[in-house]
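Q: Sequence:
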Amino acid sequence: MTQTPDILCIGSVLWDIIGRAPSHMRQGSDVPGRITRLPGGVAWNIAMTLARFGLRPATLTAIGRDSEGDELMTACTEMGAIMDYAYRSADLPTDTYMACEGKNGLIAAIADAHSLEAAGDKILTPLEDGTLGSEAAPYAGLIALDGNLTQRLLDQIARSPLFASADLRVAPASPGKAERLMPFLMHSRAVLYVNLEEAGYLCQKEFTTSQDAAQGLLDRGAARALVTDGGNDASDGTPEGIITQQPPAVLVTRVTGAGDTFMAAHIVAESQNANREEALDRALTAAAKYVSGEHAT
Numbered sequence: 001m002t003q004t005p006d007i008l009c010i011g012s013v014l015w016d017i018i019g020r021a022p023s024h025m026r027q028g029s030d031v032p033g034r035i036t037r038l039p040g041g042v043a044w045n046i047a048m049t050l051a052r053f054g055l056r057p058a059t060l061t062a063i064g065r066d067s068e069g070d071e072l073m074t075a076c077t078e079m080g081a082i083m084d085y086a087y088r089s090a091d092l093p094t095d096t097y098m099a100c101e102g103k104n105g106l107i108a109a110i111a112d113a114h115s116l117e118a119a120g121d122k123i124l125t126p127l128e129d130g131t132l133g134s135e136a137a138p139y140a141g142l143i144a145l146d147g148n149l150t151q152r153l154l155d156q157i158a159r160s161p162l163f164a165s166a167d168l169r170v171a172p173a174s175p176g177k178a179e180r181l182m183p184f185l186m187h188s189r190a191v192l193y194v195n196l197e198e199a200g201y202l203c204q205k206e207f208t209t210s211q212d213a214a215q216g217l218l219d220r221g222a223a224r225a226l227v228t229d230g231g232n233d234a235s236d237g238t239p240e241g242i243i244t245q246q247p248p249a250v251l252v253t254r255v256t257g258a259g260d261t262f263m264a265a266h267i268v269a270e271s272q273n274a275n276r277e278e279a280l281d282r283a284l285t286a287a288a289k290y291v292s293g294e295h296a297t
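Per UniProt numbering, the sequence shown starts with residue 1, numbered consecutively.
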């Protein structure tokens with residue numbers, strides 16, 4: 001029997017192939033390290049953290065009916081996600097993300113999310129056929145949305161009555177895809193989670209602080225924006241005001257997935273009725289534990 005989810009995570013669920021080296025790296029470096037393969041993707045990273053905090057996330061995504069997809073479905077289910085609503089395609093391969101990290105951070109990454117993009121609005125079927133919701137009775141819970149979807153689909157979601165009652169939390173998949181989130185700048189129910197660079201793309205200007213970036217997004221029409229800046233301060237901006245906090249200082253051992261961990265921890269905190277200051281503090285602490293190598297629980 002399918003469980004009732006506490007939150008829907010819409011977007012990329014794929015295999016993360018991450019190479020990590022304990023030394024500083026630059027272009028052309030060839031160094032020893034470790035290579036891992038784990039479930040990943042923005043939607044999955046958020047779902048995984050939500051599950052560790054005790055929530056029951058369900059994913060709306062596209063996963064191939066290949067051996068990699070079958071293995072991914074099993075792994076995600078075993079890690080606490082409800083995978084019953086995923087769109088399984090016989091024609092599209094399972095997506096993959098590949099990254100290289102050194103002691104000095106992310107060196108390079110390639111995201112192959114072409115199957116998710118090709119699936120388009122098929123991944124939203126449970127929200128319109130009555131399984132999770134419909135136009136007459138739209139889904140009214142929490143939704144975490146990632147920017148790996150196509151510009152066309154994100155535009156559709158921003159206008160769709162299927163999302164009219166949802167508490168919509170939105171994050172870009174990467175700085176290069178940040179501009180896809182433009183339709184949500186004027187969305188009255190969307191909360192944006194971005195880093196300093198992504199905020200710059202959305203506002204078409206450079207920012208030096210998270211507070212300035214949060215104000216810039218509000219000036220562009222955002223209902224609410226949370227802006228992070230790595231180990232520097234982070235800000236939560238609403239029309240009522242901006243709060244800014246400094247994250248804990250930790251030794252960085254990984255960076256891929258840190259922003260997704262921040263977003264998930266913040267969502268959990270607010271679902272437990274934490275105020276804005278407490279929610280931001282808990283999210284920054286969770287992200288700091290994650291980049292230091294600890295589980296963000």
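Among these hints, one or two may not hold up.
Stated by the list, open to error - Across the chosen pairs, the derived CB separations fall in these ranges:
| # | residue 1 | residue 2 | range |
| --- | --- | --- | --- |
| 1 | Gly130 | Gly33 | 29 to 39 Å |
| 2 | Gly241 | Gln204 | 23 to 33 Å |
| 3 | Ala108 | Asp70 | 26 to 36 Å |
| 4 | Ser292 | Ile17 | 15 to 25 Å |
| 5 | Pro32 | Ala164 | 30 to 40 Å |
| 6 | Asn273 | Arg56 | 11 to 21 Å |
| 7 | Val250 | Ala274 | 20 to 30 Å |
| 8 | Asp84 | Asn273 | 23 to 33 Å |
Treat the hints as calculated values from the structure; they're not laboratory data. By construction, the Cβ of each residue, glycine as well, lies at the ideal position given by its N, Cα and C atoms.
Q: Each hint: holds or not?
A: Verification of the supplied hints:
1. Gly130 - Gly33: 29 to 39 Å: 49 Å, violated
2. Gly241 - Gln204: 23 to 33 Å: 24 Å, holds
3. Ala108 - Asp70: 26 to 36 Å: 29 Å, holds
4. Ser292 - Ile17: 15 to 25 Å: 22 Å, holds
5. Pro32 - Ala164: 30 to 40 Å: Between Pro32 and Ala164, where Cβ atoms are some 53 Å apart, the hint is violated.
6. Asn273 - Arg56: 11 to 21 Å: Hint holds: Cβ distance 18 Å, inside 11 to 21 Å.
7. Val250 - Ala274: 20 to 30 Å: 22 Å, holds
8. Asp84 - Asn273: 23 to 33 Å: 29 Å, holds
Checked against the numbered hints listed earlier, the structure breaks hints 1 and 5; every other hint is satisfied.
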